[in-house]
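One-letter residues, chain by chain:
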Amino acid sequence: MLGGAASAFASLSPQPAAAVLKLNVTEGNVQPVPIAIPDFVGVGLDPATGRNVSQIIASNLRRSGLFAPIDQAAYIEKIVTIDTLPRFPDWRQINAQALVTGRITQSDARLKAEFRLWDVFAGQQLRGEQYNTTADNWRRIAHIISDAIYERITGDKGYFDTRIVFVDESGPKERRIKRLALMDQDGANVRYLTRGDDLVLTPRFSSAADTITYMSYREGDPKVYLMNIETGQREIVSNFPGMTFSPRFSPDGQRVIFSLQRGGSSNLFVMDLRSKATMRLTDTQVIDTAPSYSPDGTRISFESDRGGKQQIYVMAATGGEAQRISFGEGAYSTPVWSPRGDYIAFTKQTEGKFAIGIMRADGSGERILTEGYHNEGPTWAPNGRVIMFFRDPGGNAGPMLYTVDVTGRNEQILKTPSYASDPAWSPLLQ
Amino acid sequence: MRTAYTISAIGHAAVLLWSVWSLAAKPLPVSSNEGLPVDLVTASDFSNITAGSKAAPKTDTAKPLVEKVAEAKPVEDPTAKVVEKKEVQAAREPPPAPETKPAEAAPDKKQAEKPPDPIAEALAKDEAKKQEPKKAEAKPPIPPKKPAPPAPKFDPKQVAALLDKREATRLAAAGETLNNAPSLGVSNGAAAQLSLSELDALRARLAQLWTVPAGAKDPQELVVLIRIKLKRDGTLAAPPMVLTSGKTPLFIAARDSAVRALFRGQPYDMLKPEHYEQWKDVEITFDPRDMIRG
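Note that the protein sequences, when read in sequence, are chains H and X. Each residue of the first sequence is one higher than the last, beginning at 5 in my numbering. Each residue of the second sequence is one higher than the last, beginning at -1 in my numbering.
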């Protein structure tokens, strides 16, 4: 308190006459921004589409935890056009800080979507955009508009126009059927990529979001595969003797890094997809696995038990000496480098408790985001702000997907048709 | 063997001699640290520093600021009544109102009884007591000796009359002689100053309304400097002027959030109208770096 008074003095500095009073505000809140999203005006189409678009935008923004959409029942002004200024006093009265108005126009099979984002208290437009696409792409338009709003208000790029690839699990616990599945990040448009004959694990996206790599026990030993999402065509990455695990793409999409297990040890290898040339990165008698590239492609983080227990190490992408960066109590695994490059997410196991946490690339600033039984497998949203993971409560229930903000707040469950595990977040769709 | 011994002896002697030369203790340099005079000031005292002039001659003993001549204090003969006073004190103690000031024998009690209870003082005024200067920093020369009354006479009417009188003297520091010499103060201090509580309330309101873009990667670009001009009723005279510039989306978001907080905070009714000249022009720095460390 005295410190507060002292720091208040530091900023008081009364000046001789006609000078400006100076004030420092160093504390604020992290509350969600109240935003009003009235139904988009629909021209020449099914009136429900305008409402559907606004509802997708509202639920995207609400799920991010940074916005609080205001119930439409409270709105005073009715928006019928987006070409005139809204009546800002009406919106100020319901405490909306931002307002989104939009219009969808349909002609033939084409859709034109326009929106304007308004700052209610300053009384001005913050952003306005127009998009043209095919009529069946209306969900993607809603996600793109959500991204634009998110970026303008928070300063971070959005993550709503993305997809999740995961392992869908169904059936009784003893005989689970595992299929690769793809869906929009809000749980819509679920599509199955494999049939469930083979056991599939750890699917990951390439930087182009049209190819995934995954592990499959298709012909005996687990192997790493590539699959083109659009065509469904798949190929085996390489027919190594031994078991290949936890594949990941390099940021430029040209290489796949994976771990190969032979005998009792597992080591890291990287393969160039065009030349098929393979390079060994580690040569140890221990288990080195779960590699992940830094976003600039120069370093990798991986999990190794060369020090006795599983810990996280960072190494140059071409191999060489590895530095250990995890030093807390417990076993660290599944390191994943954030697309922003500032954090590495991991799973940490201490005495039966499983936590998802983040730490900086030098190992400092370790922070646990969520704890419980049994959390695993973090994956980053492309803006480096949200992490998705899966939680298996044990017993007869199966695993489900959850998201949590990088500040540890706003943990949400994701609705999937059945149990789900091993999620991977795509980059923003082009 | 002889030669070996000699060589060894010479060698040892050489090493010892060399060590005496080169390992001689050097005096430890002591850097002179200038002593820093430190004075602890409470927040209210700081706000209430009266205007002073640095050129004012310093008196060796700080004379209490006296603006009104108080009634003359009777000169006491401390020794004369000590004995009987003590007895009376003992009998009286502990009085709820310290109407009798104990003798010098108990100096700490003196300190404890300042500021003197007005009613007690008023009562004691019957016996022609003096008033002491009101200001806390003034040191009363000698606390007045009051002959111990046999029993305290509490006369409400007298008290009322006496209280009214005392009201007047409170506004001016009373003492023996007029002393208008200004004491050392701050050159631009004015006791009727925009108080800390007003600024704190303003800061608290902005902190409540300002949403910080959390989770940012580069905190430096989130610092926003804004200047506002306010009208007398506490509303903005014009849209806030943003003084820092930046192009990144993060800066734009931080800037908008700060501007929005300033719009929403109207009217700034915690700022008192009589201090308008001091708060009509405010430059605010929104700095979230402390909030998003780690």
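Wrong hints could be hidden among the right ones.
Stated by the list, open to error - Sample of chain H residues with no beta-carbon within 12 Å of chain X, all distances over it, derived: (1) N28; (2) F125; (3) K161; (4) Y196; (5) V241; (6) R266.
As the list claims (entries may be wrong) - Listed next, the in silico DSBU-like pairs over lysine-lysine satisfying Cα-Cα at most 35 Å (straight line): (7) H:K357 x H:K177; (8) X:K278 x X:K245; (9) X:K227 x X:K270; (10) X:K245 x X:K227; (11) H:K177 x H:K26; (12) H:K161 x X:K229; (13) H:K161 x X:K270; (14) H:K357 x H:K82; (15) H:K419 x H:K177; (16) H:K161 x H:K357; (17) H:K280 x X:K229; (18) X:K229 x X:K270; (19) H:K280 x H:K313; (20) X:K278 x X:K229; (21) H:K161 x H:K419; (22) X:K245 x H:K26; (23) H:K82 x X:K229; (24) X:K227 x X:K278; (25) H:K82 x H:K26; (26) H:K116 x H:K419; (27) X:K270 x H:K116; (28) H:K280 x H:K357; (29) H:K26 x X:K270; (30) X:K245 x X:K229; (31) X:K227 x H:K161; (32) X:K227 x H:K26; (33) H:K161 x H:K82.
To be verified - Here are the in silico distance ranges between beta carbons for each label pair: (34) H:P38 x X:P265: 19 to 27 Å; (35) X:D231 x H:R91: 18 to 26 Å; (36) X:R287 x H:G376: 55 to 63 Å; (37) X:P237 x H:Q76: 27 to 35 Å; (38) H:N414 x X:P265: 32 to 40 Å; (39) X:Q264 x H:D300: 30 to 38 Å; (40) X:P237 x H:Q134: 53 to 61 Å.
FYI, nobody ran anything at the bench for these hints, they're computed from the structure. Positions of the beta carbon are idealized from the N, C-alpha and C atoms, including for glycine.
Can we trust that R266 of chain H is non-interface, i.e. its beta-carbon lies farther than 12 Å from all of chain X?
-> Holds: least Cβ distance 40 Å, greater than 12 Å.
Please test the hint of 32 to 40 Å on the beta carbon pair from N414 of chain H and P265 of chain X.
-> The hinted range 32 to 40 Å holds for N414 of chain H and P265 of chain X, with Cβ atoms some 34 Å apart.
Compute the least Cβ-Cβ separation between V241 of chain H and chain X, then decide whether it is above 12 Å.
-> The claim stands: V241 of chain H keeps its Cβ more than 12 Å from every Cβ of chain X (closest is about 33 Å).
Straight-line alpha-carbon gap K161 of chain H to K270 of chain X, limit 35 Å | violated, 43 Å
Assess, step by step, whether the Cα of K227 of chain X is no farther than 35 Å from the Cα of K270 of chain X, and give holds or violated.
-> holds, 15 Å
With respect to the beta-carbon atoms only, verify the hint that R287 of chain X and G376 of chain H lie 55 to 63 Å apart.
-> violated, 32 Å
Within 35 Å, alpha carbon to alpha carbon, are K229 of chain X and K270 of chain X?
-> holds, 12 Å
Straight-line alpha-carbon gap K161 of chain H to K229 of chain X, limit 35 Å | violated, 38 Å
Restraint status (C-alpha distance of K278 of chain X to K245 of chain X at most 35 Å) = holds, 30 Å
CA of K357 of chain H to CA of K82 of chain H, is that 35 Å or under?
-> violated, 51 Å
Does K26 of chain H pair with K270 of chain X here, judged by a C-alpha cut-off of 35 Å?
-> holds, 17 Å
Hinted pair K82 of chain H and K229 of chain X, Cα distance within 35 Å | holds, 33 Å
Checked against the numbered hints above, the structure violates hints 1, 2, 3, 11, 12, 13, 14, 17, 25, 27, 28, 36, 39 and 40; every other hint is satisfied.
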